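Each number in the numbering used here comes from the position in the sequence shown (counting from 1) with 829 added on.
Bear in mind the hints are in silico, worked out from the structure with no lab data behind them. Computed from a predicted model, the values in this text were never measured in an experiment. Note that beta-carbon positions come from the ideal geometry of N, C-alpha and C, so glycine has one too. Be a bit skeptical, because a hint or two may be false.
What the hints assert, rightly or not - What follows is a set of in silico ranges between Cβ atoms, one per label pair, in the way DEER data are often shown:
#, residue 1, residue 2, range
1, 852, 883, 28 to 36 angstroms
2, 889, 857, 31 to 39 angstroms
3, 847, 886, 13 to 21 angstroms
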Amino acid sequence: TVATVALVPVSPVTASSTGFDPRIVTFGETRQQIQNTPVLERPNRPLHVYGNTVRRRHYRGSSKSAN
Numbered sequence: 830t831v832a833t834v835a836l837v838p839v840s841p842v843t844a845s846s847t848g849f850d851p852r853i854v855t856f857g858e859t860r861q862q863i864q865n866t867p868v869l870e871r872p873n874r875p876l877h878v879y880g881n882t883v884r885r886r887h888y889r890g891s892s893k894s895a896n
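Kindly generate the complete structure, drawing on both the sequences and the hints.
Next comes the structure, spelled out in structure tokens:
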């Protein structure tokens, strides 16, 4: 069996284009920028369960009814 692999240059995907930021931990200016951004406007990030859940619930409109 022979496997063929093609190396195709791919442009980097940014958080702004997908709504997802692959960085789990950030430092310096990037960290400050994220902390100064309201939770609902931040990109989703791996292992950031609280923020990702808050954004998901907000955008899907799920909330407990008062009934």
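- [ ] Can you let me know if the beta-carbon spacing of residue 889 and residue 857 is within 31 to 39 angstroms?
- [x] 33 angstroms, holds
Task: Distance restraint hint 13 to 21 angstroms, applied to the beta-carbon atoms of residue 847 and residue 886 - done: 20 angstroms, holds
Task: residue 852 versus residue 883 beta-carbon gap, inside 28 to 36 angstroms or not - done: 19 angstroms, violated
When each numbered hint is compared with the structure, a violation occurs for hint 1 only.
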